[in-house]
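Take the sequences, apply the hints, and build the full model.
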Amino acid sequence: MQHAVIRPGESALLPCLARRAEPVVIPLLALLAGFAAFSLFLVSQGKSPVQYFSLVWLGGFGSAFSWQNTLSRTAPLLFAALCVALPARLGLVVIGGEGAIVLGGVTAGALGAALIGSGPVIALPVMAAGAMLVGGLWIGLAGGLRHYRGVNETISSLLLAYIAIALMNHLVEGPLRDPTSLNKPSTAALPPDLRVGNIPGLDVHWGLAVGVTCCVLAWMLIDRTTWGFAARIAGGNVRAAQVQGLPVGRLILGFCVLAGGFAGLAGMFEVTAVLGSANGSLVAGYGYTGILIAFLARHNPLVIIPVAILLAGFQASSGLIQRRMDLPDATVLVLQGFVFLSILMSEALYGRLKPFVPEKWRA
Amino acid sequence: MTRSTPAFSRRSFLSATTALGAAAALGLPARAQSNMTVGFIYVGPRDDFGYNQAHAEGAAAVKAMAGVTVIEEENVAETIDVQKSMESMINLDGASLIFPTSFGYFNPHILELAPKYPDIRFQHAAGLWTDGMPSNVGSYFGYIGMGQYLNGIVAGHMSATKKIGFVAAKPIPQVLLNINSFLLGARAVDPSITCQVIFTGEWSLAVKEAEATNALVDAGCDVITCHVDGPKVVMETAARRGAFICGYHADQTALAPDRYLTGAEWNWAGVYTGMVQTVLDGGMIDNFVRGGLADGFIKMSPLGSAVSDAARAQFEAAKAEILAGGFAALKGPLNDNTGKPLLGAGEALVETDIALESMDYLVEGVIGSTA
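So the protein sequences, as listed, match chains A and B.
Take the first sequence: its position 169, counted from the start at 1, is 169 in the numbering used here, and no numbers get skipped.
Take the second sequence: its position 97, counted from the start at 1, is 1097 in the numbering used here, and no numbers get skipped.
Honestly, the hints are just simulated from the structure, not real lab data.
Glycine included, each C-beta is placed from N, C-alpha and C at the ideal position.
Take these hints with a grain of salt, some might be off.
Just the calculated beta-carbon pair ranges, DEER-fashion [as the list claims (entries may be wrong)]:
(1) B:Lys1162 - A:Gly117: 53 to 63 Å
(2) A:Val50 - B:Gly1282: 17 to 27 Å
(3) B:Asn1035 - A:Leu202: 27 to 37 Å
(4) A:Ala209 - B:Asp1218: 52 to 62 Å
Structure below.
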């Protein structure tokens, strides 16, 4: 992603605004196009798009309860999307964040069980650090395979996710199993003082605040540091970056480890704030929704925040839609599919729409 | 499953108009409700020919009752999602009785929500409720191992190779009890029969279920059953390979009518309409309810056309024995499949025995390992 370059001599304001508007307007248009295509699909099924979207509003954003419903689903999506967006700035397509989430959760659960009695001030930071470390190693592995062995990171990270889930099952059903968890193998239940609570005044756990903070930090890293600048150059043209003497290998590893660390943190919050122990419920598909969010946000960590809230709102309203419109749960997947496709297709529009390209104005 | 609370079957719970007045102060409003909304939540698709479909069939029966509105949600994960789905049903649709049907919904999700909504009744499928848990939470479960025992009897008669197969999800007590019951049913026909088990590791993993089924048939198993969430893949794959099949969770006859022998099914329709009627009548549902074949919690699929007369006769005889109550599939002397003695001569574990709920072994004759 390149920044708009303002040439000397041009009157700066209007062209600058036009260039800045492009990455905002095009995704919005794509979103609307996706909704329109989905509406046609609904009509073809004899269902009312108006009712659908008004239920999305009611279930996801229409009341204080709906907002809390939406926001409490947002936290893991923020982390999962960061896990895709950071490597994407280097030109890597990492889709195995699910594995880092699951292993981060197991690590947090195991450390929490081992640290029972040591108090939250010690235990929670250790659990978070452990989860980030393991998640970071997992995605770092995909980055390392890519850099040192030329293995496609998209495929390796996806396969690593399957291995992670199998590993989680093995650990939770074997060495880490709480013997009292008979029919739902889990790690030992965390005591109340090791559970992360809600943000005061909200029915939403602290993972949301941490997730938003991480998005802001990731944005600062990418947009406001030399490391981020180097990563963007490497993402634009890896040969050029190498010629410039940029440490491409270290950048790939560093960004992948950081991305996996964020995903691991998602697992840690699932365990400490929601599940209370690590078990198979960690495999909830957040990692895959994160891919969609990161692409919709065009890998901009700040844009991830509203997009994640939007997607969480769709999920929050999905139940209401099932109940009121008698539509299957897969409907929301159809919607996500339409939106994803139209966002991908809209990539072709950048630089081609005259209002956003000052160079073409006089022509 | 709980270990501390003794299991007891409550045949009379359906007519729970008895002296529960004291308990009525705790949970539901003790008045007849003219229009009640009942919510059902499933972890997978409701037409999976399995666990979720069995519950959805129960919900469909409730839907037919007068004065009741049924709302349903499928594919709800065992995460914050289910908490929010329940709250959404309560806040947006006015549900007063909710059946979150997946095992993993209970702890922590139902337990966390129940104190926040003391006027709402949460009914969970699995016997997890113990004293001290919120009084507006109830749990119920059935002794479906007996159904697998009956499956085993028919399988024992129909197997020519004397090898039967079991595709299992995870080595947890409920699944192990089903495997052991299936083999012991078959061994009641012919003590030389063995049962090979393959664990897929997941509740719903179609590819591995198909692989496991093929591997069992390749190993010579000619009657196959399973315990996974959706038996469809196992049933179709086994039938295509020419094996006989015994169903689980729901009736899978339609998938392969000429290969389907019988099946162990949940009978949630009777259970759910009974519970809803209790609430409609202003009564209280017990917090802890269990039942077996005699209580209408489980049922058997109609015997298939391929089932021989001898199999039919022994099946009916064993079924009558189970209906009479106090039946034990596990009888001593019995060893596990590593040779460790489990039960001495004269010892037995009846279907309601709490020890069955922490089962961690496979009995002798089962080829496979829990680890």
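For this session: Please test the hint of 27 to 37 Å on the beta carbon pair from Asn1035 of chain B and Leu202 of chain A.
Result: Holds, at about 33 Å.
Exercise. Is 52 to 62 Å right for how far apart the beta carbons of Ala209 of chain A and Asp1218 of chain B are?
Worked result: 54 Å Cβ-Cβ, so the 52 to 62 Å window holds.
For this session: Please test the hint of 53 to 63 Å on the beta carbon pair from Lys1162 of chain B and Gly117 of chain A.
Result: Between Lys1162 of chain B and Gly117 of chain A, where Cβ atoms are some 55 Å apart, the hint holds.
Problem set entry | Range hint compliance [Cβ, Val50 of chain A to Gly1282 of chain B, 17 to 27 Å] | For Gly1282 of chain B against Val50 of chain A, whose Cβ atoms are near 41 Å apart, the range 17 to 27 Å is violated.
Of the numbered hints given earlier, the model fails hint 2 alone.
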